[in-house]
Amino acid sequence: MSNLEDTPTKPDKVTLFSTCMVEQVAPEVGRSVIEVLDLLGVGIEYVDDQTCCGQPAFNSGFRSEARPVAARFIDLFEKTAGPIVVPSGSCAAMVRNYYSQLFRDEPDLKTRAKAVSERLFEFNEFVAKFFGTNALKGQFSRSNTATYHKCCHLLREIEIDEEPIQMLENIDGLEVVPLERADVCCGFGGSFSVKMADISTAILDEKLDYIEQSGADTVVAADTGCVFQMQGGMRRRGSSVRVVHIAEFLAESAKNAGAGK
Amino acid sequence: MKPVTINFRDKASQTISDEQIQQSLEHVYTGFFKGRLAAASETDNWEALRSKGKAIKDHTIANLDYYLDLLATNVEKAGGKIHFASDAAEARKLIIGLAKNCEVKTVIKSKSMVSEEMGLAEAMNDAGFETVETDLGEYIIQLAEETPYHLIAPAVHKSRTEVAKLLDRSYQPGSEPPDATELTMMAREQLRDVFRRADMSVTGANFAVAESGSIALVTNEGNGRMSTSVPRVHVAVMGMEKIVPSIQDLSTMLRILIRSATGQRISTYVTMVNGPRKQDEEEGPEEFHLVVLNNGRDKLLSDIYMREALNCIRCGACLNACPVYRKVGGHAYGWVYPGPIGALVSPVLTGLKDGKNLPNASSLCGACHDACPVKIDIPRMLLELRWRTAEGEKDPKEKSSSMAERLVWKSWRIGMMGRKRFDLGSRIAGWTLRPFTSNGWISKAPPPVGGWTSSRDFPAVSTRSLKSFVKSMKLGGGK
Numbered sequence: 213m214s215n216l217e218d219t220p221t222k223p224d225k226v227t228l229f230s231t232c233m234v235e236q237v238a239p240e241v242g243r244s245v246i247e248v249l250d251l252l253g254v255g256i257e258y259v260d261d262q263t264c265c266g267q268p269a270f271n272s273g274f275r276s277e278a279r280p281v282a283a284r285f286i287d288l289f290e291k292t293a294g295p296i297v298v299p300s301g302s303c304a305a306m307v308r309n310y311y312s313q314l315f316r317d318e319p320d321l322k323t324r325a326k327a328v329s330e331r332l333f334e335f336n337e338f339v340a341k342f343f344g345t346n347a348l349k350g351q352f353s354r355s356n357t358a359t360y361h362k363c364c365h366l367l368r369e370i371e372i373d374e375e376p377i378q379m380l381e382n383i384d385g386l387e388v389v390p391l392e393r394a395d396v397c398c399g400f401g402g403s404f405s406v407k408m409a410d411i412s413t414a415i416l417d418e419k420l421d422y423i424e425q426s427g428a429d430t431v432v433a434a435d436t437g438c439v440f441q442m443q444g445g446m447r448r449r450g451s452s453v454r455v456v457h458i459a460e461f462l463a464e465s466a467k468n469a470g471a472g473k
Numbered sequence: 019m020k021p022v023t024i025n026f027r028d029k030a031s032q033t034i035s036d037e038q039i040q041q042s043l044e045h046v047y048t049g050f051f052k053g054r055l056a057a058a059s060e061t062d063n064w065e066a067l068r069s070k071g072k073a074i075k076d077h078t079i080a081n082l083d084y085y086l087d088l089l090a091t092n093v094e095k096a097g098g099k100i101h102f103a104s105d106a107a108e109a110r111k112l113i114i115g116l117a118k119n120c121e122v123k124t125v126i127k128s129k130s131m132v133s134e135e136m137g138l139a140e141a142m143n144d145a146g147f148e149t150v151e152t153d154l155g156e157y158i159i160q161l162a163e164e165t166p167y168h169l170i171a172p173a174v175h176k177s178r179t180e181v182a183k184l185l186d187r188s189y190q191p192g193s194e195p196p197d198a199t200e201l202t203m204m205a206r207e208q209l210r211d212v213f214r215r216a217d218m219s220v221t222g223a224n225f226a227v228a229e230s231g232s233i234a235l236v237t238n239e240g241n242g243r244m245s246t247s248v249p250r251v252h253v254a255v256m257g258m259e260k261i262v263p264s265i266q267d268l269s270t271m272l273r274i275l276i277r278s279a280t281g282q283r284i285s286t287y288v289t290m291v292n293g294p295r296k297q298d299e300e301e302g303p304e305e306f307h308l309v310v311l312n313n314g315r316d317k318l319l320s321d322i323y324m325r326e327a328l329n330c331i332r333c334g335a336c337l338n339a340c341p342v343y344r345k346v347g348g349h350a351y352g353w354v355y356p357g358p359i360g361a362l363v364s365p366v367l368t369g370l371k372d373g374k375n376l377p378n379a380s381s382l383c384g385a386c387h388d389a390c391p392v393k394i395d396i397p398r399m400l401l402e403l404r405w406r407t408a409e410g411e412k413d414p415k416e417k418s419s420s421m422a423e424r425l426v427w428k429s430w431r432i433g434m435m436g437r438k439r440f441d442l443g444s445r446i447a448g449w450t451l452r453p454f455t456s457n458g459w460i461s462k463a464p465p466p467v468g469g470w471t472s473s474r475d476f477p478a479v480s481t482r483s484l485k486s487f488v489k490s491m492k493l494g495g496g497k
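Protein chains in written order, with the working numbering: chain A, 213 to 473; chain B, 19 to 497.
Extracted from the complex, chain A is given alone in its bound form (with noise of 0.2 Å):
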């Protein structure tokens, strides 16, 4: 479900759910969403002892393993105030709409859980909701050419579709061109890429092969996970196809205007 619908006051400053995996693998990913919420005039709070939301235990069935991280980051994040602005789909979807599974037989937990998951926003859904998705000046001097992988969480949880693309064209230089079936998973989905991991690579290869069709120099996409297994897939390739996330590559280009002015 979407928290895009009624119309909002500009927040000045959020709280930064950095997921574990941008905290470990991929920290520039943070780096580059404090830097663009920073270009549009939100500052930024870190929790500082926060990790995980608890889903890579809940997908792989181990939910008294989740329940405790999960409550872990109920107590920490609800002590903030203000929006709370996520790189991930996945994470969002996490805590937004798998929560309430999780914590179904917990009714405080879960009233809590929802306090917190109404102030939650994924990055794209952010920018697009508080500044829209023109909001941002981009630049890139050579002539790039980009396509943006729909991520499913961020797609079909959070109903973020178009808007990450909008947000790309919106750059000055850059040409985006279209991907035949965006909208289809990757195949990473956490622990199924590992345990199932021919089918994983079946899958994979398809969007590679998509991805290469379609003439674009650099694929971009919204969630860790996908950019990993995009970006291992095309590495083992030898494919000089770039694939980064959507903050990162935004921060990149914000960067490209500033400085040619």
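Check the hints yourself; a few may be wrong.
[Unchecked claim] Okay, the calculated bits of chain B under chain A, using three or more residues with CB under 8 Å as the criterion: (1) 29-38; (2) 342-348; (3) 383-389; (4) 404-411; (5) 456-470.
[As the list claims (entries may be wrong)] In the DSS-like style, the derived pairs of lysine-lysine whose C-alpha atoms are separated by at most 27 Å in a straight line are: (6) B/K438 <-> A/K291; (7) A/K407 <-> B/K415; (8) B/K70 <-> B/K52.
In short, the hints are calculated from the structure, not lab data. Each residue gets a CB set at the ideal place from its N, CA and C atoms; glycine is no exception.
Starting from the known structure of chain A, arrange chain B on it as the hints suggest.
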């Protein structure tokens, strides 16, 4: 049909490397999936219809005892007989008994997934009744001695050459096979003779209407209509969830079923059967029997977290939308129902331990939930089943996770419960993987990451966490 889900991985790998089947599976997307999208987009009130369909099914399943009772009364009122079978064996016995009583020689079957559940055609042939499938796809599958590959397209994996080998008695291997129309005409000719001889038919029922005691059959080939009108005995089989309260409800369900299945606005035939031939009627069977099968459905019904699976109207849209089904094909799922819906119902109907791989055979992308005409939340239920296999939440006997797996998640939890441990965990992971890392990437890692690096590189764990960067960044905002 005996469940063989335990071989999911092997069968899946085999299919992934079979180029011909992969090519055939493309049609599932380009034909069926896109057909449904087009049909939905030209239907103004599509989302409202889906909601209505869901409401009808929710209501019917919640009051299933009442509607089954009403259906039974009205089937009998229309001159038919209703039979309830608790499992596949009982259903087989019952139907073979009917065939014996009616002194039947030849039985024609139209397509029915429930009859597959019963293993009916095989059992009837074994019992000495010539039993022939009359749906083209099912006929091909019967000749090939296989099981259906897809809910609505049982032979979708067969190439034209393979079909020619089965249908064309003069076909020379290696030569160009006849085209699809010619092959269809051959099947038509072969089946026409059987239709004439048949004295009993077994059909499915896409829906049974409680208020009238009628059944509705959706077909494109006309074999359904032949089956319900030519032989002197008609036996319809249905799962006990395939019921709608009223004719109005049927109209809603038909609209969403057909569009979701093939992308047609309406199928070539929609056959309604209301009991046997009446005294003043010239045509139709002398006897009409409706066999209602339970076969584990009561387990779904009494399970509030899985009950929604009984809302399924077997359109196949979730298969067409599923990136996993489109790679592993129908036979990997090991039982009658493949794809996302199969991954839900097979483990429950056949016992979870046999089907433990199925709920894990999903990237949880949600395309099935999006495609479902009655909005079944398949990902939610897959997660429910994963919980049961991982931790034995519902029944300790269902737990099939390994000790190693449980240990991994226990350590994961310990690592996530404090920031210092979390950072320490990152450092340990970094050190452990350092020998495998070059230029920031890992190409060959030990388990559990090894599954990943068999086909993909993995980015090295960062030497610095975001937190360490945040300490040196300006966080005050632009204002």
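Consistency of the hints with the structure:
1. 29-38: holds (count 3)
2. 342-348: holds (count 3)
3. 383-389: holds (count 5)
4. 404-411: It holds: at least three residues are needed, and the stretch 404-411 of chain B offers 7 whose Cβ sits within less than 8 Å of chain A.
5. 456-470: holds (count 6)
6. B/K438 <-> A/K291: 20 Å, holds
7. A/K407 <-> B/K415: Distance of about 22 Å is within 27 Å: holds.
8. B/K70 <-> B/K52: 23 Å, holds
The structure agrees with every numbered hint stated previously.
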